[in-house]
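K.L.:
Numbered per UniProt numbering, the sequence shown spans residues 1 to 172.
For the record, the hints were derived by calculation from the structure and aren't laboratory data. There could be a bad hint or two in this list.
To be verified - Each computed DSS-like pair below joins lysine-lysine, with the alpha-carbon atoms no more than 27 angstroms apart: (1) LYS119 <-> LYS108; (2) LYS114 <-> LYS40; (3) LYS54 <-> LYS102; (4) LYS29 <-> LYS108; (5) LYS64 <-> LYS40; (6) LYS64 <-> LYS114; (7) LYS108 <-> LYS64.
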Amino acid sequence: MIRQAAISLITRPGRNYVLLGLNNQGRHKGRIIPPSETVKPGETPLQAAYRGIKEEVHGVSVGKLRPVGVFQIFFEGTPEHNIELHVFRGTIIRGTPRACRKEFSWLKFYRSEKAPVDKMWPDARLWWPRLQALGPTDAVLGLRLTLPAEPRFVVSRINPPSSEEVAFAKAV
């Protein structure tokens, strides 16, 4: 069975900013990422997203989370790392975000189009720009990636990869 995780893109009201933080632990220590949680047994991805916000971001209330993407990422040679990411977007309705020091060293709002993608997960270059381009009424974005043992990306899905994805895959 593939692991599931939930990623929460927390925004400011009426602004094109997303909350990211410097991760303090685990495989992604030192990366700048949004709040995220592994889905626990008996829990839905949406419940995991709300739990992640509660545990990782103090001092805020976030409105309704809306699904914006589902990504399946497969790692050749290490199937235990395969993961299905459920991405949600929600807006802060009250409060000022403070980092839970166990999870994040700090939190900061970034303009969505200027997020430090090169300091996020390695595969974020393939899906982050598409997520940020989605409007409030767009359909949920689906993407399946296969990551070989070498640092190369192969995009496998119904729609052909964009020219940017092809250029990125050739560059790494």
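K.L.:
For the pair supplied as a hint, LYS114 and LYS40, confirm whether the alpha-carbon distance does not exceed 27 angstroms.
P.N.:
32 angstroms, violated
K.L.:
Is LYS64 within 27 angstroms of LYS114, Cα to Cα?
P.N.:
Roughly 25 angstroms separates the two Cα atoms, so the pair holds.
K.L.:
Keeping to a limit of 27 angstroms between CA atoms, is the pair of LYS64 and LYS40 held or broken?
P.N.:
Status holds; Cα separation ~21 angstroms.
K.L.:
CA of LYS29 to CA of LYS108, is that 27 angstroms or under?
P.N.:
Roughly 16 angstroms separates the two Cα atoms, so the pair holds.
K.L.:
CA of LYS108 to CA of LYS64, is that 27 angstroms or under?
P.N.:
With a Cα-Cα distance of about 21 angstroms, the restraint between LYS108 and LYS64 holds, given a limit of 27 angstroms.
K.L.:
Starting from LYS119, check that the Cα of LYS108 is at most 27 angstroms away, please.
P.N.:
14 angstroms, holds
K.L.:
Taken at face value, is the distance from the CA of LYS102 to the CA of LYS54 at most 27 angstroms?
P.N.:
Holds, because 13 angstroms separates the two Cα atoms, which is no more than 27 angstroms.
Hint 2 alone, counting from the list given before, is not met by this structure.
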